[in-house]
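Assemble chain B onto chain A, guided by the hints.
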Amino acid sequence: MRKVVLCSIISSICFSSSIFAVADERAKKAGKSFLLESPMIPVVDGKSYGVHGRVFGLILQNRREIRKRLYGVPAKNGGRIGMFQLGDNRCCLVELGRIESENEAEYLSKLNYLESNRLKYAADEWQEEKDAIEKEYRGTKAQLEEVLDEAKEDFINFTQDYLEGINGVKEPVLVLVEEFCEKKGIEWCFLLHWGGAEAGAEHEMIRQDIKTIKEFTGFCRDLSDFLEVLAKSCPKGKQLFIDIVKKAKQAKK
Amino acid sequence: MKKFLQVFFILFLFSISNFSIADESDGLGDFDIFADDNTLVGDFLDNNEFEITRQSTPEGILEILIDIVKADRILQEDIFLRTNRLNKRSLLDNSLFLMDKDYCYGNWILGVSLFFDQTSRMHFTKPCSTGKRKQKYEIASCIKSYLALTSPTLFCVIKDLESEIKELLPDFDIDCIRALCLFKNATAQERSAGLFFSFMGKIRKFNFRFKAPFYYKIRNFFLTDEERKAISREFGESDEKEGMKFARRHIISDQLGLGDLRFDFDYPVYAGCRVGRDLEVRLGMFSTIPTNVAVVKGLYGNCFKPICCRPSISFLDIFDMLQHDNTRQQAITIAKNFALNALNGISSLLLDSSLGNNRHFGLGFMSKTKIPFRSIFNRSWLGNVFYRGKLSLEYLFSAKEYRWFVEKNDVIAAQFAVRDFEDEDKAAENLAFLETMFTDKFYPFVYKSKVYPGFIFTWVAKLAYESKRWGIHLGWDAWAQTREKIDEICAKKGQLASLDVEKARRPWAFQWTLLGSVFFKTERRKSNLYVGLNAEKTVSSRGIGRPFKVTLSFERNF
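Sequences listed follow chains A and B, in order. Going by my numbering, the first sequence opens with residue 1, and the numbers climb by one from there. Going by my numbering, the second sequence opens with residue 1001, and the numbers climb by one from there.
Excised from the complex, chain A in its bound form (with noise of 0.2 angstroms):
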């Protein structure tokens, strides 16, 4: 009896943690991104005038720089850096979303109370206290544009590579654009608005038109997903690059 039981005991565990992992294996497929279906792609990947292995590479580097932004730096302790200084913290994009909408949040609720208990106050107490919550909400406010400038120059600096390598395909890279949003089900982001600027206008855009760090972080979102579909859309491109990995590592060796 005891043997029976250690037995079960023992295959159930082996058994579970199988089935766990083709559980999680089918999770993962049914959230697999789509791929991009355009007739242009099997035109240029893997070509040498399309998507071969450093055009490819270059994606890659570029989705990986956004996802920096966006979630922050790995460090060795398997946690993540934030590369925007904030007051004392550094923080992802992602976390300065959520301080700008807490900072919204938080200025909204404080003058919804302060309204509908104005009658606790003397008028001077009460537009003393006003005066506090404003300038406690401007002051962050201020800090993090401060934040999204600089977010902004740092995108603009590291994309400059990229914008002038599309620069000559534009147009085919927005049909690219157009079929991602259309299959990801936006009727319409930033990136597509920023992929139909006039060449050379790109960065003006992303200086006027992103106001907030919600947007930019929405874009940013969007650019990096778009690249990762674009990526995994080319077969081709991908081997080529994982052999110059591969060549890279051997010469290391």
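Hint data in this document are derived by calculation from the structure and do not stem from the laboratory. Accuracy of the hints is not assured; some may be wrong.
DSSO-like cross-link-like pairs, simulated, lysine-lysine; straight-line CA separation at most 30 angstroms [as the list claims (entries may be wrong)]:
#: 1; chain 1: B; residue 1: LYS1241; chain 2: B; residue 2: LYS1336
#: 2; chain 1: A; residue 1: LYS170; chain 2: B; residue 2: LYS1305
#: 3; chain 1: B; residue 1: LYS1408; chain 2: B; residue 2: LYS1297
#: 4; chain 1: B; residue 1: LYS1485; chain 2: A; residue 2: LYS236
#: 5; chain 1: B; residue 1: LYS1166; chain 2: A; residue 2: LYS170
#: 6; chain 1: A; residue 1: LYS246; chain 2: A; residue 2: LYS232
#: 7; chain 1: A; residue 1: LYS214; chain 2: A; residue 2: LYS110
#: 8; chain 1: B; residue 1: LYS1426; chain 2: B; residue 2: LYS1492
#: 9; chain 1: B; residue 1: LYS1241; chain 2: B; residue 2: LYS1184
#: 10; chain 1: B; residue 1: LYS1144; chain 2: B; residue 2: LYS1241
#: 11; chain 1: A; residue 1: LYS232; chain 2: B; residue 2: LYS1166
#: 12; chain 1: B; residue 1: LYS1159; chain 2: A; residue 2: LYS170
#: 13; chain 1: B; residue 1: LYS1503; chain 2: B; residue 2: LYS1492
#: 14; chain 1: B; residue 1: LYS1166; chain 2: A; residue 2: LYS246
#: 15; chain 1: A; residue 1: LYS211; chain 2: A; residue 2: LYS183
#: 16; chain 1: B; residue 1: LYS1070; chain 2: A; residue 2: LYS170
#: 17; chain 1: B; residue 1: LYS1205; chain 2: B; residue 2: LYS1305
#: 18; chain 1: A; residue 1: LYS183; chain 2: A; residue 2: LYS130
#: 19; chain 1: B; residue 1: LYS1441; chain 2: B; residue 2: LYS1485
#: 20; chain 1: B; residue 1: LYS1537; chain 2: B; residue 2: LYS1184
#: 21; chain 1: B; residue 1: LYS1144; chain 2: B; residue 2: LYS1159
#: 22; chain 1: A; residue 1: LYS232; chain 2: B; residue 2: LYS1070
#: 23; chain 1: A; residue 1: LYS236; chain 2: A; residue 2: LYS249
#: 24; chain 1: B; residue 1: LYS1297; chain 2: B; residue 2: LYS1441
#: 25; chain 1: B; residue 1: LYS1426; chain 2: A; residue 2: LYS236
#: 26; chain 1: B; residue 1: LYS1205; chain 2: B; residue 2: LYS1450
#: 27; chain 1: A; residue 1: LYS183; chain 2: B; residue 2: LYS1166
#: 28; chain 1: B; residue 1: LYS1070; chain 2: B; residue 2: LYS1159
#: 29; chain 1: A; residue 1: LYS247; chain 2: B; residue 2: LYS1426
#: 30; chain 1: A; residue 1: LYS120; chain 2: A; residue 2: LYS170
#: 31; chain 1: B; residue 1: LYS1441; chain 2: B; residue 2: LYS1537
#: 32; chain 1: B; residue 1: LYS1166; chain 2: A; residue 2: LYS184
#: 33; chain 1: B; residue 1: LYS1336; chain 2: B; residue 2: LYS1408
#: 34; chain 1: B; residue 1: LYS1408; chain 2: A; residue 2: LYS236
The following block gives chain B in isolation, referenced to the frame of chain A:
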């Protein structure tokens, strides 16, 4: 215990295989390159720069040219249906300058005629073989009979190409076929104006004449107003000044100078007793001496020289330049210059022509007849009415001329058939082949060749009324020139057999013209002056345009 361990190991192995199945089923190969925690890929991306200055490769460009642009199909299509030069009748053969009046005052006649000649639609080739009679001749005056602007096979290839491009770029809306068709009815137009000098002498019974023109000739491509409006609608309105500047630089050719010299003499072989009153038949000879020289070229238009040096184009360089902002304009300029030089080449072939007959010496025989109507119908009022006729046959000797050639279609097809465009080892060679074919398609080969123009036959028949003070001539003339022969082409030996010489030969030509003159004679003390107004219009032709001509002639008989 033993059984327990066996069961355990079986189950353990089973679960391990499940784990490995789960691990390999993502299809990413050895590692997940998209994972943020993939240190191998992450380090590689962080420590490497990816240079995106794309260096085009022959293999890459060949893929674009063959798979997308369908260059191998397009380059096997004819662009030049013909490469012959246009037929033009010499001014010296014109019946308005015959000097065949009754010059009774003295033995010397000096004449100068102010003339204007216009051919509104020159014929590029012989009439086509299908269609109604009128259409056949109209088509011959349209450039579509010379360049393949309406070729069904070319349209097929272009349609396939357009549908493929539309799949890649849905916004692509250029209709290349419609664009080509806008130019299909373009024609070549020629105008000449100047002075025609003539000198006649009578010595004993011999009559001899010297004739030579000094004139300005302008030839250009022409589109009607409706055709130009259709082009503006398609491509947008252009600045008129810029348009004229373009036309003067690329599609108008003009020159001013001296034409060839004609010397002829005749002797009466039969004459009635009453000189000037009875039947007279004269036989004679004439020669055309190639004295033509252009004093000024490109006064209003341009002077187009034959492009003997083959231009070269490098697709590799152009593709590289297109991919960078700072060199893209340079690539566009190279392509534009290539196209404009090709247009200049066509202009040198069709528009640039000499003021004479291209240095051919001519020798001919002629017969002149004068038949008084009174000798046929005995009426007194027919006393001043005559039939004047002239028959002539001239042979033009050979001379070296520049001629334009393209290669035969079957030769080109054979060259493509042996090419394997998928062989990567031969990519550079195949690309060089396509570059050569591309150049050859738009730039015919220009070689000096020995041209035998053949015979020219003319027959003039006029009804002439000449009284003491005035006269009138009404009649017609027929002119025909045989088909030329081309020989001794100065091309490389290996290329001679592949050249399509038939396309380069001018077709035989024929004109039938109605003419009329009215002149007045004033008697002076030492001379008679004949002032005449003359006109002619070609009403029927083949292989040559239908000009009209007006002259104002002054002849002094002393």
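Could you tell me which of the numbered hints above are not met by this structure, giving the numbers in increasing order?
Per hint list: 2, 3, 4, 14, 17, 18, 26, 30, 31 and 34 violated.
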